[in-house]
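Novice: Protein chains in written order, with the numbering used here: chain G, 1 to 394; chain L, 1 to 394.
Derived from the structure by calculation, the hints contain no laboratory data. Do not rely on the hints blindly, as some may be mistaken.
No distinction is drawn between identical chains; accordingly, a pair holds when it is met within one copy or between any pair of copies.
Subject to a maximum C-alpha distance of 20 Å in a straight line, what follows is the list of computed SDA-like cross-link-like pairs (lysine to any residue) [as the list claims (entries may be wrong)]:
#, residue 1, residue 2
1, Lys-387, Thr-269
2, Lys-5, Pro-234
3, Lys-387, His-273
4, Lys-387, Thr-143
5, Lys-43, Ala-283
6, Lys-5, Arg-55
7, Lys-387, Asp-306
8, Lys-124, Gln-197
9, Lys-357, Pro-32
There are 2 protein chains.
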Amino acid sequence: MTTVKGFTFAARSAGIRKSGRLDLGLIFSAKPARCAGVFTTNKVQAAPILVTAPRFSGGLCQAVLVNSGNANACTGEPGLRDAEHCSRLLADSLGIDETLVAVSSTGVIGQPLPMPLLVEAIPKLSEGLSGDGVSDVATAIMTTDSYSKISSREGSAGQKPYTVLGVAKGAGMIHPNMATMLAFVMTDACVEREFLQQALRRAVAGSFNIITVDRDTSTNDMVLVLANGEAQNPEIVANTPAGQEFAALLQEVLLDLAKMIVRDGEGATKLVHVQVRGAADAADARQVAYSVATSNLVKTAFFGEDANWGRIIAAVGYSGAQVDPSRIDILFDDVPVVQGGLGTGPEREAEATAVLKQAEFAVNINLGLGEAQAEYYTSDLTYEYIKINADYRT
Amino acid sequence: MTTVKGFTFAARSAGIRKSGRLDLGLIFSAKPARCAGVFTTNKVQAAPILVTAPRFSGGLCQAVLVNSGNANACTGEPGLRDAEHCSRLLADSLGIDETLVAVSSTGVIGQPLPMPLLVEAIPKLSEGLSGDGVSDVATAIMTTDSYSKISSREGSAGQKPYTVLGVAKGAGMIHPNMATMLAFVMTDACVEREFLQQALRRAVAGSFNIITVDRDTSTNDMVLVLANGEAQNPEIVANTPAGQEFAALLQEVLLDLAKMIVRDGEGATKLVHVQVRGAADAADARQVAYSVATSNLVKTAFFGEDANWGRIIAAVGYSGAQVDPSRIDILFDDVPVVQGGLGTGPEREAEATAVLKQAEFAVNINLGLGEAQAEYYTSDLTYEYIKINADYRT
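Could you put together the complete structure from these sequences and hints?
Specialist: Structure, rendered in structure tokens:
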């Protein structure tokens, strides 16, 4: 079990979820940690977002309280008061300032938090704090996830080793250009605060913002990173080798978690890496990758293990990007199925079908126009997606 | 069976589809008709689009040749030559100029047209021409459609009665801001040519461009209208009562067909009318309607008959439109489930669930900010959609 100096973890079953599963988690740093956050861009924001985002602008956080089973979204003023009440209960039990608490919720929208359950459970949370309890927290934040998601990396700065440990939840409502789900990253590295926020933004851009399961985005998404400096390293700052290493490790952890989320996409059976090259500019590259990665018809063909490149080239064509059909090449892994806009014939398609039978593969698209490139990770669209989402809540 | 003066119809089984179904159709006007067209905005355009669109700028058309089973898309120069060859064969058999022929195809992308079959079938098509054969043409153009789509209206100009008769195909790859599928409209009215094009553009904006089944758009979509003037009415022009009547009837026919397409959406069991009011401006209203109507999570909740307004308000929030959560009202038909951004409670939700059990219902969203409104028609997202699209082609 990965541990991070100065961080302890706890989880309980507060009874928010009727199943009796773990549904309440706590991440605690022995001393206030420098922090950075990325929050949902949805204009309908849940109470925990409204409470936590302003606190993060202060730059310090010592505890993260998170529940599943109830999103505390669309709950108005009473919902805000509930979120603040939870954070105060936790601060009191830990003996820290309330403004050092981040609150986070995920689950059903529009229902008040079951405050009697939380009033009872929150003060008891700290009893269970332990350095190796991160997997319980990862479990407590799951909703439709079929497994918990943890990733870590080791780095060093000034010969002092440090750890970057991340947990995430998410399987549906995953969509780019958002914080996209819940993820919490703990590190004992000492990191300059502005650089921490900058590194987080870049890491999210190269991980959670290039995955898509469906195109919906939540009212509650947040990615938080806490850096408590317990590694005693010289402060990591921008534009240095140590800064580059930290930023790379942070992005690796987030990309690990992001890919786990796509693999665990609601009902997903495949992880597909959509890579676009040869675009006229970066915006075009992104548009094409996005268009292909989010097409229901393309995603359903992946599920059907059908090398239906016609749907892919149609998605390229309606992406809005500059396109010359006669220059488009498409490959499944390294099997070319389209060259210069034309199919390569039934033999190649048979080879491509074998590629699609794998659990993970790449769709490589070369537009043949320029140098820009972009990538996305997506899943297939399956019966199970419908089942999960038609039945959720009931 | 609706007939239109001066128009005859024929259909055959050319053997393009292995099932032996009707797969080749002909619409013929006794004399050249004024014509207008709207074509796919996909940058990857099929050969029939590339052949027909320039001909339509000439303003006259006498025959429409359409096949299902093969889209003649992504077929390069040979595909263009095939489309032209088909149009020449038809022109010869009808004794008309080749430039008066529109060609149209729908089906699988990337396969050459089976020319030997078409060379044999096309010259025989005209033998079957009949004034009441429109339903055979409507059947011949079906692909994953589960029923054929025909609508008509009667109007008059200068006391001369005329008919507007439309046929369409489409059940998947239906998406707004495109011609979206195949539709052919025949009228015996005499209509000024520029006005005909203008009326068609507006009618498409108020019908095919406000429906969505999935978000994919095809390389082959076209909507054509042919007006042969056989009703002997005084020419219908813009900014007159007769012009308004004609434009309204044309839009009614297209909206009828558009709704049939949504009802027949691949796997769809529900037709849902998304109505947005109170937006700050028209673009915002459209964005919100679009965002809700295209959300996979919302569409899956419709299938589950789950009054899950949380997903709707989340889709409103991420639409990009100006939104004040505390002013949002949401109703299923006339049952309020959200007032001022807050849920109205379990009793109302139970009433709303009854609304969702209907085959057709409305989602009414009031943003409470301004006067602008917009609407969309959408379907639910079901197991059957996955089945149809994972298995199509195999």
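Novice: Each hint needs a verdict: does it hold in this structure or not?
Specialist: So, going through the hints one by one against the coordinates:
1. Lys-387 x Thr-269: both (14 Å within a copy, 15 Å between copies)
2. Lys-5 x Pro-234: Within one copy, since 16 Å is at most 20 Å while 88 Å is not.
3. Lys-387 x His-273: neither (25 Å within a copy, 23 Å between copies)
4. Lys-387 x Thr-143: within (15 Å within a copy, 27 Å between copies)
5. Lys-43 x Ala-283: between (24 Å within a copy, 17 Å between copies)
6. Lys-5 x Arg-55: neither (24 Å within a copy, 73 Å between copies)
7. Lys-387 x Asp-306: Answer is between; shortest inter-copy Cα gap is 12 Å, intra-copy 22 Å.
8. Lys-124 x Gln-197: Neither: 32 Å inside a chain and 72 Å across chains, both beyond 20 Å.
9. Lys-357 x Pro-32: neither (49 Å within a copy, 52 Å between copies)
When the structure is compared with the earlier hints, violations turn up for hints 3, 6, 8 and 9 and for no others.
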